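Participant: Here the protein sequences line up with chains A and B, keeping their order. For the first sequence, our numbering assigns the number 1 to the initial residue and increments by one for each residue that follows. For the second sequence, our numbering assigns the number 1 to the initial residue and increments by one for each residue that follows.
Possibly wrong hints are sitting among the right ones.
What the hints assert, rightly or not - Dumping the calculated DSSO-like pairs for lysine-lysine here, alpha-carbon to alpha-carbon at most 30 Å:
#1 B:K263 <-> B:K278
#2 A:K163 <-> A:K121
#3 A:K329 <-> A:K240
#4 A:K329 <-> A:K6
#5 B:K187 <-> A:K121
#6 B:K278 <-> A:K121
#7 B:K187 <-> B:K164
#8 A:K17 <-> A:K6
#9 B:K263 <-> B:K164
#10 A:K240 <-> A:K156
#11 A:K121 <-> B:K29
#12 A:K121 <-> B:K263
To be verified - Chain A regions said to be covered by chain B (calculated; three or more residues, Cβ under 8 Å):
#13 39-45
#14 249-262
#15 312-324
Hints listed in this document are in silico derivations from the structure and should not be mistaken for laboratory results. Values in this document were obtained by computation on a predicted structure and should not be read as measured data. Backbone N, C-alpha and C define an ideal beta-carbon position, used for all residues, glycine too.
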Amino acid sequence: MRFLFKTDYDQDIRLAKHGGHVFWYSLLGVALVLAPWVFPEYWVAQFTFVLIYAIVGLGLMLLAGFTGLFSLGHAAFLGVGAYTQAIMVNAGLPFPLALACAGLLAAAVGMVVGLPALRVKGIYLGMATLAFGFIVEEGIARWESVTGGNAGLMVKYPSLFGKELDTTAEFYFLCLVICVGATLAIVNLMRSSTGRAFVAIRDSEISAQSMGIHLARYKTLSFALSAALAGVGGALYAHKIQFLSPEQFGIIQSIDLLLMVVIGGLGSIHGAFLGAIFLIVMPQLIAMGKDFLPAAIGQAAGLQGTVYGLVLIAFVLFEPMGLYGRWLKVRAYFQLFPFYRQGMFKRQKSFQKSDRLK
Amino acid sequence: MQLLQLLISGIAQGCIYGLIALGFVLIYKATETVSFAQGDLMMVGAFGGLAAMTMLGFPFWLSVPAAIIGMALFGVLVERVVIRPILGQPAFSIVMLTIGVGYVLRGLITMIPDVGTDTHTLPVPYAGEVIRLGGLVISAEQLVVIGATAVLCLGLFAMFSYSKLGIAMQASSQNQLAAYYMGIPVKRLNGLVWGLAAGVAAIAGLLLAPITFVHANMGFIGLKAFPAAVVGGFTSLPGAIVGGLIIGIVEALSGFYLPEGFKDIAPYIVVLIMLVLKPNGLFGEKLRKKV
Numbered sequence: 001m002r003f004l005f006k007t008d009y010d011q012d013i014r015l016a017k018h019g020g021h022v023f024w025y026s027l028l029g030v031a032l033v034l035a036p037w038v039f040p041e042y043w044v045a046q047f048t049f050v051l052i053y054a055i056v057g058l059g060l061m062l063l064a065g066f067t068g069l070f071s072l073g074h075a076a077f078l079g080v081g082a083y084t085q086a087i088m089v090n091a092g093l094p095f096p097l098a099l100a101c102a103g104l105l106a107a108a109v110g111m112v113v114g115l116p117a118l119r120v121k122g123i124y125l126g127m128a129t130l131a132f133g134f135i136v137e138e139g140i141a142r143w144e145s146v147t148g149g150n151a152g153l154m155v156k157y158p159s160l161f162g163k164e165l166d167t168t169a170e171f172y173f174l175c176l177v178i179c180v181g182a183t184l185a186i187v188n189l190m191r192s193s194t195g196r197a198f199v200a201i202r203d204s205e206i207s208a209q210s211m212g213i214h215l216a217r218y219k220t221l222s223f224a225l226s227a228a229l230a231g232v233g234g235a236l237y238a239h240k241i242q243f244l245s246p247e248q249f250g251i252i253q254s255i256d257l258l259l260m261v262v263i264g265g266l267g268s269i270h271g272a273f274l275g276a277i278f279l280i281v282m283p284q285l286i287a288m289g290k291d292f293l294p295a296a297i298g299q300a301a302g303l304q305g306t307v308y309g310l311v312l313i314a315f316v317l318f319e320p321m322g323l324y325g326r327w328l329k330v331r332a333y334f335q336l337f338p339f340y341r342q343g344m345f346k347r348q349k350s351f352q353k354s355d356r357l358k
Numbered sequence: 001m002q003l004l005q006l007l008i009s010g011i012a013q014g015c016i017y018g019l020i021a022l023g024f025v026l027i028y029k030a031t032e033t034v035s036f037a038q039g040d041l042m043m044v045g046a047f048g049g050l051a052a053m054t055m056l057g058f059p060f061w062l063s064v065p066a067a068i069i070g071m072a073l074f075g076v077l078v079e080r081v082v083i084r085p086i087l088g089q090p091a092f093s094i095v096m097l098t099i100g101v102g103y104v105l106r107g108l109i110t111m112i113p114d115v116g117t118d119t120h121t122l123p124v125p126y127a128g129e130v131i132r133l134g135g136l137v138i139s140a141e142q143l144v145v146i147g148a149t150a151v152l153c154l155g156l157f158a159m160f161s162y163s164k165l166g167i168a169m170q171a172s173s174q175n176q177l178a179a180y181y182m183g184i185p186v187k188r189l190n191g192l193v194w195g196l197a198a199g200v201a202a203i204a205g206l207l208l209a210p211i212t213f214v215h216a217n218m219g220f221i222g223l224k225a226f227p228a229a230v231v232g233g234f235t236s237l238p239g240a241i242v243g244g245l246i247i248g249i250v251e252a253l254s255g256f257y258l259p260e261g262f263k264d265i266a267p268y269i270v271v272l273i274m275l276v277l278k279p280n281g282l283f284g285e286k287l288r289k290k291v
């Protein structure tokens, strides 16, 4: 058990609270920087996907985990970002400009979608975002003169300072830098008054409102920021996958993104990363596990969906705080070693509060 | 005449949406959660009917009730095993849970060797029959869909208004805690509601099967029933059917009069307009907490 003895106000402001934080995060940083030389190229590509999904996950975590607004159409923002980036880079515009435009355009779209969010709550908001997701997907498929429609769209390599980033390692570093930047931005946002306002809205809209939080402004802001991160993630995704087609940004992708934040652990920044790792590693594990199962089960087409569903059910039933919640429990167990009790993290059973009366 | 023809096919399709939406509304009213597994329950119901007819060799009139009752029992089981343990948790957990249940059902059906990945036709006795009325051509499948939906609606309406069970369900939907104090077995009631919703989903599946085909991804039609439920107001049973009809007719008309592509998104455009103009739907109750 570590006891922090605070002697200075700066200790409350520092990002790393104690030596353990500094040590472990530096170690992680060194490992991430050295990864391209240590791991084979295939794994570096997978790490890149984890970083990209983590950026999108941070955005969705901000919206769903911290502001309490659930989006069932987040893949649409990903799509807007990806197509903006692809079209601008293919037209010869520089990469940073295209990336900024992808983020800003997605944010603008997010603000438009946020408008119904001011009037509707709970499941209705889910429906509004779901409907919006379908409209964007169909729009991308039908606007053939710009997006290439269902035939798809090839994306060029990004180039930065006159150099084309065409190797796996170079693109990995690009994603790493952007991901670290996004993470620091979100961590600092959550420490600011804006972040606290988001959390207050999540916990109770009425009390947030009575504390003088302008609901409309903060909800729209949350949507815009979340969509901007999804747009940036989408832009990187476009470069990584190099071939865009509308069905990549459909309802399945939206549900995958939601799955990511729920399994990672709602309401924690670590959760976005753990969820992204889960989302990338799980299909690989299933593919590896296939060989050990009898052929009738292992080779069946529906195996992946079934496993995903079962994992999701198991998490909601037994570990509602997600992977990060499990880590907190394990850590508490070791920190308190002989004194850990069964009920320490027990969920409060709340009697049902009607959604209709919020 | 052409318009009338379009309207009839729109109404038939709308009845299917309405039936699935009815399942959403039943569950939402009673437990205030939204079941994303409804479309997949419908798919399993259609496969159940198919299995009863082709594998077990039941005649049509026996396999339909068998599939419906089987699905209703399955619904009760799902509620008991996965939904009840997290009763009282935030609604979003339950939404994720039902998404998981939907994934599992779709995956398991796909995994059945030789059956899951193919498309099948449900051998119904009225398949392919056509009624000509003046210049109109109405297929028997569409008539059966419309008729069955009407009968089912009347049945559910009667149950909710006159039977003790229906009134208990209404009470528990308004305030679970108060209903509990009044001696209503809320937990058992929730199980029954899930059973009822699954049974309705099976009926929708059996009605839809002759029009389209039976395959593992037919549950995605459930995503179009959400707009139906929202347009009708998520809390109103007749609203679900009316919403379904509106969505069905809009879809049929936009498929014919508007450029290609609008057919698939017309329901979602309608629902967005609805949410901006009248967030509680056509028949939804408007409630507000005052401090």
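Participant: Indicate, hint by hint, whether the structure satisfies it.
Facilitator: Hint by hint, here is what the structure shows:
no. : hint              : result
1   : B:K263 <-> B:K278 : holds, 23 Å
2   : A:K163 <-> A:K121 : violated, 48 Å
3   : A:K329 <-> A:K240 : violated, 36 Å
4   : A:K329 <-> A:K6   : holds, 25 Å
5   : B:K187 <-> A:K121 : holds, 26 Å
6   : B:K278 <-> A:K121 : holds, 13 Å
7   : B:K187 <-> B:K164 : holds, 16 Å
8   : A:K17 <-> A:K6    : holds, 10 Å
9   : B:K263 <-> B:K164 : violated, 43 Å
10  : A:K240 <-> A:K156 : holds, 10 Å
11  : A:K121 <-> B:K29  : holds, 16 Å
12  : A:K121 <-> B:K263 : holds, 27 Å
13  : 39-45             : violated (count 0)
14  : 249-262           : holds (count 5)
15  : 312-324           : holds (count 5)
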